[in-house]
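**Q** Sequence:
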Amino acid sequence: MKSNDARRIRPTQLPFTQVAAALLFACATGFVWMIALLSLHAADMSAGIRPQGLDGRVLNLDFEDGSLRDWTVEGKAFEGQPVQGDAVAARRPDMKSQHQGDYWIGGFERVGDDPRGTLTSAPFRVTHPWASFLVGGGPWPSTRVELVEAGTQKVLVKVSGLESENLRPAVVSMEPHLNKTVFIRLVDQQSGHWGHLNFDGFWFYRAKPSFSDAIDPARPENQPPPADVVPHAGLTAAEAVQAATLPEGFKLHAFAHEPDVRQPIAFCLDDRGRIWVAEGHTYPKRAPEGKGKDRILVFEDTNHDHKFDRRTVFMEGLNLISGLEIGFGGVWVGAAPHLLFIPVQDWNEPKPAGEPKVLLDGWDYLRDTHETLNTFIWGPDGWLYGCHGVFCPSHVGKPGAPESERQWVDAAVWRYHPIRQAFEVFAEGTSNPWGVDFDELGQCWIEACVIPHLWHMIQGGRYERQGGLHYTVGREETARHAAHREPNSRKPIYPYVFEDIKTVADHVHYAGNRGPHAANGRSDEMGGGHAHAGLMVYLGDSWPETYRGGLFMGNIHGQRLNVDKPERKGSGFVGKHSPDFLNFNDTWSQTLNQRYDHNGSVYIIDWYDKNQCHHNNEGGHDRSNGRIYKIVYRDQPHTSIDLRAMSNAQLVSLQLHKNDWHVRHARRILQERAAESGPNKEVREGLLAILRDHPSTSRKLRALWALNVSGNLDVRTAIENLKSPDEYVRAWTVQLAFEDLDRLRGWITEAETQGLRADPDLFQLAETDPSPVVRLYLAAAMQRAPFDMRGRMVASLLKRSEDAGDHNLPLMIWYAMEPLVPERPREALQAAFDTALPRILNFTSRRIVLTQDPASQSHLVEALASEGPEAKKLEVLQGIAAALQGRRNVTPPPGWSQAETRLASSPHAEVRALAQSLSLTFGSASALATLRATLLDRSAEAKARRSALDALATTRDPSLPTAYHTALTEPTLRGPAIRALGAYDHPDTPARLLEVYGQLNATEKRDALASLCSRVSYARPLLAAVQKAAVPKSDLTAEWIRQLRNLNHPEVQADLERVWGSFRESPAEKKQAIARFRSLYRAGGSQPGDGPRGRAVYNRVCAQCHTLFDQGANVGPNLTGSNRTDLDYLLENMVDPNAVIPHEYRSSTIETTDDRVITGLVKEQNDQVVVIATQTESLTLQRKDVKRISQSEISMMPEGLIDNLTEQEVRDLIYYLGRPGQVPLPKP
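When we follow my numbering, the leftmost residue of the sequence shown carries the number 2, and every step to the right adds one.
Simulated from the structure, these hints should not be mistaken for lab results. For glycine and all other residues, C-beta sits at the position ideal for the given N, C-alpha and C. Be aware that one or more of the hints could be misleading.
Just the calculated beta-carbon pair ranges, DEER-fashion [as the list claims (entries may be wrong)]:
1. 1035 x 871: 48 to 58 angstroms
2. 1069 x 742: 54 to 64 angstroms
3. 57 x 992: 39 to 49 angstroms
Below, a list of computed lysine to aspartate or glutamate pairs in the EDC-like style, where the Cα atoms sit at most 20 angstroms apart [stated by the list, open to error]:
4. 659 x 619
5. 358 x 317
6. 800 x 789
7. 1071 x 1155
Given only the sequences and the hints, what does the whole structure look like? Please build it.
**A** Okay, structure coming up:
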């Protein structure tokens, strides 16, 4: 039977007894029941018919021969397909594949969410009026199944998944298309969250089939609702309070506003509930030393009317301030390049007790300044936490520290211990977070921009990055990978992450999602844009209970506060969308952070500026205004307080207060007192009583955290906690035990001296603890543990098959396991073979290959030659292939020839094909000859020839260019052949490319131009063809002009000048160009452009690098959530793309040893390969073939990109870029 779901049994396979019983039942109960039964089982009563190819052969559209026969692969998204069996249920118990038969397409199961590509079937004729297929996976327009008319290339049907792995049937009417020739195209152009597609089967029907869970293919495309009408801009503070909308019962107060506060960039509350605010007047550029204009103000409400009446200037002359917190007798200030501490002399009349002390330096302020160290907050563990963005390459350490004693930081949550003066990265990745807080369970939450907005940060986690490579964390890891530093920036690359942790949010706050929050792309329904600042977990006590634990985030483009609610799932959470809490209804409002006070009311700082986006123009920001708002529920009064005046016993009792403001401040004061006077017995006894006796998890945790920071947590208590019935007490005890390894060693000695024994101990927890949270904390702690302990712990965690579908655990275990692999390859490989956790075997195999140690690699060959499961062998082969991508003539591991022979007879087609491809990588002459013959054999199957070409393209054999020249005449092979030719300097290639240039489609023309512009010997024939009009001059757009200039050859430069003319603009000319385009656009009136035409221009000019509305490439930044409605913002970035350039988007030029020149963004590099993303493809080059890499001070985006457009095309493009949601393409 070809089904794992009874509802989809095909009628021709229904047992006779079932049919007979149904008919007898119908006769016995009347005609009406018979009709109902026939309707219910319409699908079962109509035979599903498999399409036939144009040669009359039944096509492999259901993948049941275990291969991609009859399909053509483009890109990486569908590599390694099809999948056998229900791989979904094995990794996440909440879903299943629901596939037909044995094999199906599961995009995530092989390559995850990041790769892109297409999978295209052989053509077939429409022979019946109805059809169905199964679809699942990503909900995006860019993850879809298409049915395409072969002759016209018109898309007849488009269906996406529903953000679920479960395959569901889609039923489509084919009657309008009878006798047409069509093909199926699976499209995955989405990276990141749900960036994959699932598919299985295609059947025709004589009558419309009916399925209970069918997807409606006619459901509307993801068109966002109409643009929000924001009624206000540039209000006074009093007007802003009246214009804002809040839930019933809440009131907004203007606590302080201009001229009393301007440019508020950071704030905190002291132990008296006073507001300390940093004014950022120096931003966006650090001033010369001694010329800083920033200051710190203190605001106090002494008459309790929710408005300040006392204002103190604490300090002036600070420089580029960005972070602020109070504690330990002073003020902690972030002001790149420094983390400063300013002691306070008099807390009644706050004033500095001396000059700022530099605690740390090395924070970047030259590359970027809007995401440097920010939003400070005390964590439950007693460390000072902060955020840091992706485009500020910082090298942080104590003043005067050498490189070896510094920690690289770009995109991270970091922390600093105020007593031990230790600095470390807590978790690495994301984009440019500006907001961090902790919930009642001590979980760390941040928001981010551009990429998905919500992140649950786990100690030691590696998270999806907006740009750049993952880096090493800690001195030990940095020393271990010293060979992997970037040569220019000295960034210490960590090349073995392999896969990072993704967002926990099930939605986004901008246009594009078609999943749980379909059509809520921007607007009041979902939030207004990607740019977020400030995150608060509300744990006050005066707001309604429904808001407790909510994650409140400022949305800059949406001028509002978004709210997400975390729901527990496995070891982590899913971030669910809640209604927006506050909308200022004012486009100038830009809140940067929010915090609750001792009364449970909330303060918000508002930068307040017309300009919503960062730029380096110092005159581009309005310095005259700024606000501090206060939100109060039901006239909650403001009261006076001073926690510093309380006794230790009172501070201990505050650990039971409902309002976490009291808990946090009391805990920090206990920590300060312990640092001054040592542990206190009274404090210890009071906290132990709460820990042992209180029924609430949050109260137990508060006691545990306070015991830790006050120096009262000992080994006896830790051992008792390991058998606590509360999972978070057990988990947090693990984290605190490994916070300080010196203390841990002392505990071990103390336990041995006192005869104490943990039961359960940590290893028993790994083996038997029922909580995934405990296992997550163990995995995180193992990154800090000695290798002997780590190896045993990892082996135990790998045996927990119930964690296969967990969001965090497989990857966190891998991060702990990775350093063990090169040290203990045999044991690591055996553990990886035995585990049910996904991707571990692939990653382990990949890591073993990258050791470049033949003895280690021999263990892989032994595994491949064994009698083990074919699916496991496929994982090993995929790991090996990933490690060797881009390399050629690699020395094979010992014993490969014997393994190759065995693999060649595998019953699994994919195993056979991948083994042959690896043999080619190992320089096998027979594999080369076989594949070359297949490519040139016009009678061979198209799929086999395409697979052969793809495999051959990884080599550089000198016999292949002539074969590629032959392939240029065949449309199905032409594209990959053009790309493959770029790697060779062959004298006939320019002429052969130019001969077919007029027959190429748009993508193929770009590929051809990429090759023709990459060498001097190719460029001159190209320019000659342009001069003769054999190639249209309009095809030679700005990016190709730059590439030709990068050849740095006088004759090419001279040819270029003759063909194109001068291509240089001064800063003054750029300003003139911006003004010219602005006038041009505004001259178009109320609707200066056409959206569909503009989309076509965008696809031609921009989509090769940028994503908009989930479509396009990921070379440059995603434009969806940017400030696209601002005409000046658009023009400045299009005309002068070099004005503000993040480090990761600076272009690099690679010169190869055979005189090829490649321009793009270096995405990855190690001692073996360099990966560069160009305008047309991602290239993996052998390091030995690279002569020179030069990073430019200019953007990957070339100047003059719109100069070659007509005036109407410029208007159309700008108009399209400003649309709130996707528009259709123009009709042909």
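**Q** All hints are to be evaluated individually against the structure, with a verdict given for each.
**A** Now the hints, each set against the structure:
no., hint, in the structure
1, 1035 x 871: 48 to 58 angstroms, "53 angstroms, holds"
2, 1069 x 742: 54 to 64 angstroms, "60 angstroms, holds"
3, 57 x 992: 39 to 49 angstroms, "40 angstroms, holds"
4, 659 x 619, "45 angstroms, violated"
5, 358 x 317, "15 angstroms, holds"
6, 800 x 789, "18 angstroms, holds"
7, 1071 x 1155, "37 angstroms, violated"
Consistency with the previously given hints fails for numbers 4, 7, ordered from lowest to highest.
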